[in-house]
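Chains A and B supply the protein sequences, listed in that same order.
Yeah, the first sequence ends on 410 if you go by the working numbering, and it's all consecutive.
Yeah, the second sequence ends on 410 if you go by the working numbering, and it's all consecutive.
To be clear, the hints were calculated from the coordinates, so they are not data collected in a lab.
There may be inaccurate statements among the hints.
Since the list gives no way to pick one copy over another, a pair counts as held whenever it fits inside one copy or between any two copies.
[Claimed, not checked] For lysine-lysine, the following BS3-like pairs were computed, each having C-alpha atoms within a straight-line distance of at most 25 angstroms: (1) 271 - 9; (2) 311 - 248; (3) 145 - 94; (4) 337 - 125; (5) 238 - 145; (6) 192 - 21; (7) 125 - 364.
Number of protein chains: 2
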Amino acid sequence: MRQSQLFTKTRRDAPKDEEAKNAQLLIRAGYVKKEMAGVYSYLPLGIKVLANIERIVRREMDAIGGQELRMATLHPSEPWKQTGAWDGVDVLFKLMSRTEKEYALGQSEEEIVAPIAQEYANSYKDFPIALYQIGQKYRDELRAKSGIMRGREFGMKDMYSFHTSQEDFDRFYAIVKEAYLRIYRECNLTAKVTEASGGSFSEKISYEFMVLTDAGEDTIFYCEECDYCVNEEVAKVKEGDTCPSCSKGTLKAGVASEVGNVFDLGQKYAKDFKFMYKDAEGIDQYPIEGCYGLGITRLMGVIVEALADEKGIVWPEAVAPFRYHLLSLAPDDADVKAFADALYGDMLTGSVLYDDRDARAGEKFADSDLIGIPWRVIVGKDTLKSGMVELVNRATGEVSKLSREDFLTR
Amino acid sequence: MRQSQLFTKTRRDAPKDEEAKNAQLLIRAGYVKKEMAGVYSYLPLGIKVLANIERIVRREMDAIGGQELRMATLHPSEPWKQTGAWDGVDVLFKLMSRTEKEYALGQSEEEIVAPIAQEYANSYKDFPIALYQIGQKYRDELRAKSGIMRGREFGMKDMYSFHTSQEDFDRFYAIVKEAYLRIYRECNLTAKVTEASGGSFSEKISYEFMVLTDAGEDTIFYCEECDYCVNEEVAKVKEGDTCPSCSKGTLKAGVASEVGNVFDLGQKYAKDFKFMYKDAEGIDQYPIEGCYGLGITRLMGVIVEALADEKGIVWPEAVAPFRYHLLSLAPDDADVKAFADALYGDMLTGSVLYDDRDARAGEKFADSDLIGIPWRVIVGKDTLKSGMVELVNRATGEVSKLSREDFLTR
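Extracted from the complex, chain A is given alone in its bound form (with noise of 0.2 angstroms):
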């Protein structure tokens, strides 16, 4: 796309109110809008990478036999009452319509998708099921200083699982856990998976998938020799222990947000809707439910925080909103001109963000900086001197030069 098509333009400061360095940089590169706190809009540059999450964690979820559905965020009340949540979870939305009926907002799906498998699931044959959707969730917080972080309004991927023993469920949360994990490191993110506790959903254990990032909210204990790794919250052990699962290493602590959970609901919610299947020997089961958030907005504003330099955001190629930045430096020149254009012309539209704009060199590399995407690709005067277009690395800043052809090929 060329860039002085692009409707956003990259801005010097970001708004006054706005703490978090998520949000200070996607805004002031033209990635989202601040409605307000803990609400933003996504622009065409913002939507690309969401786009780029959502197609990964969509490829994992399919791949290991999750259906995908789009639940309703209007809710009824009255499964958010049987469950008991209606008063018991701080964070619901509540509304009224002019019917004076009551509705919640989506906080998460427990109460709509443990009917609609019940539904369809009475046999022991029809089990296990993985069903998830990507979608808007809403959650009355009291504060939301983390920009897109954590949000009153924010994306993300809901899974939920149906089993008949709790060994089943056992064995595909370790396979969730494998996914995500694939999940984080197409991110360019290292993520440890602790033990922690279950907050509003459930009383047993949780785990949590945590990212070392300075803008996290949580304090964890981990291992440097093995995975061991625990939240704060519920830690027995304390900085400068022998960790109690190697027994060799010495645990460190670190700052870092959560951008995964996994919740082992038990009976929880199908004996609320009285959700019965038939065994082998037609008895009468509560199915064993878990539950699995991803965060898609959350994730973003965590590789922002994650990855970021002192003069912008870096993107990971996998969520990158283009792979390359093709900058015209002598906009002026009509030789150079030439060149930029037909090499714009022979790449593949939606890898490239052509900035053709009449500005000034120094202009364009601090946009192409901000902007973060990983690959710069320099047409200059020199280009048409020496025939090679500058390649630069955003992450690493390494430069290589390469004819026009080698560059094509690659």
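Start from chain A and add chain B according to the hints.
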């Protein structure tokens, strides 16, 4: 996909309180689940259809220069108060946070999109701008009896364009109109364009895209000889009149469903938000705004209403969840099963639903009619004898016999 893996099943009856044909068929076939009047969850088959409609709409909006956004749906009250819609729009859902801040749920996005455009467009050189999104909308409807055609929560594509002159808006409207008509044609619908009243949005004339269906809520008068069409609400003509446009045809009356609309919003929102740009002479001017709606879930409902027959749904190829429905009629016969399995293996996974269930032929035919996939491929004992698979067109009932090789080449 193997039908035995699909977690939904067909059902004989729709819920008793479901009056609309579209929802009755979609529920029975397993496309949607009713959460309450006017609110549905979309199940795996259902989101395949929605994703196909969205793909067509996105392609057409991108092709005419639309830039996609994802605007917030939880809105601060301030912009709604600024435009007068907070008190003026009766279907606006309002809610309050724990901190006693008032919010609205997006029923349309004029209040959000104008400030977004304002942030980036300050010179006449920045225009025209066309911004669109595909997402959920919320309306506090007093009654919701039309299935997925008129919901309290529904999926919509809404686009907003900004122009420096009325001529430029008219030029762009003509382009959008052609794109809309291409979208409906791809859905096997014939849409007529009417003039209608502007509703609560605007005092100006608006345009509606109407499809003749028994489920329609509007009466239109249309000419059979030319494109003339008008909504009864604003009509100065009646049935049997000579067409005022071509003076040749006679006007017919028909019941129709709206599948899209255009509003000329003039400078209303620009003035409300003091959204001005500098024209070529450096003078401040208000842009002219247009709004273009297309209900995604509504279109899905209209397709069902307009094309279904007494046996079930009939999907157009472009939006069908799968292109082929492969029925194995004797799954207990090892040779038939092997033939069908091999054929399934050679087809593109995403293009075929394979009914590998252990069920009677009659049940498979009835389910297949109900689900409405365009091409049925039948493999039974006859197939092994003749070497020919039977291909049946769902819409026409036309049967052809093809060798395995000829079918796969197709």
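The hints, checked one at a time:
1. In this assembly of identical chains, the alpha carbons of residue 271 and residue 9 lie at most 25 angstroms apart only when taken from different copies (23 angstroms versus 53 angstroms within one copy).
2. Taking identical chains as interchangeable, the C-alpha atoms of residue 311 and residue 248 are never at most 25 angstroms apart, the minima being 39 angstroms within one chain and 69 angstroms between chains.
3. In this homomeric assembly, residue 145 and residue 94 come within 25 angstroms of each other (Cα to Cα) both inside a single copy, at 22 angstroms, and across copies, at 24 angstroms.
4. Taking CA atoms no more than 25 angstroms apart as the test, residue 337 paired with residue 125 passes between copies only; the shortest distance there is 21 angstroms, against 65 angstroms inside one copy.
5. Taking the shortest Cα distances, residue 238 and residue 145 never come within 25 angstroms of each other, neither inside one copy (28 angstroms) nor across copies (60 angstroms).
6. Taking identical chains as interchangeable, the C-alpha atoms of residue 192 and residue 21 lie at most 25 angstroms apart only when both belong to the same chain, with a minimum of 22 angstroms there against 50 angstroms between chains.
7. In this assembly of identical chains, residue 125 and residue 364 lie within 25 angstroms of each other by CA distance solely across copies; the values are 19 angstroms between and 60 angstroms within a copy.
Hint check: violations occur at hints 2, 5; the rest are consistent with the structure.
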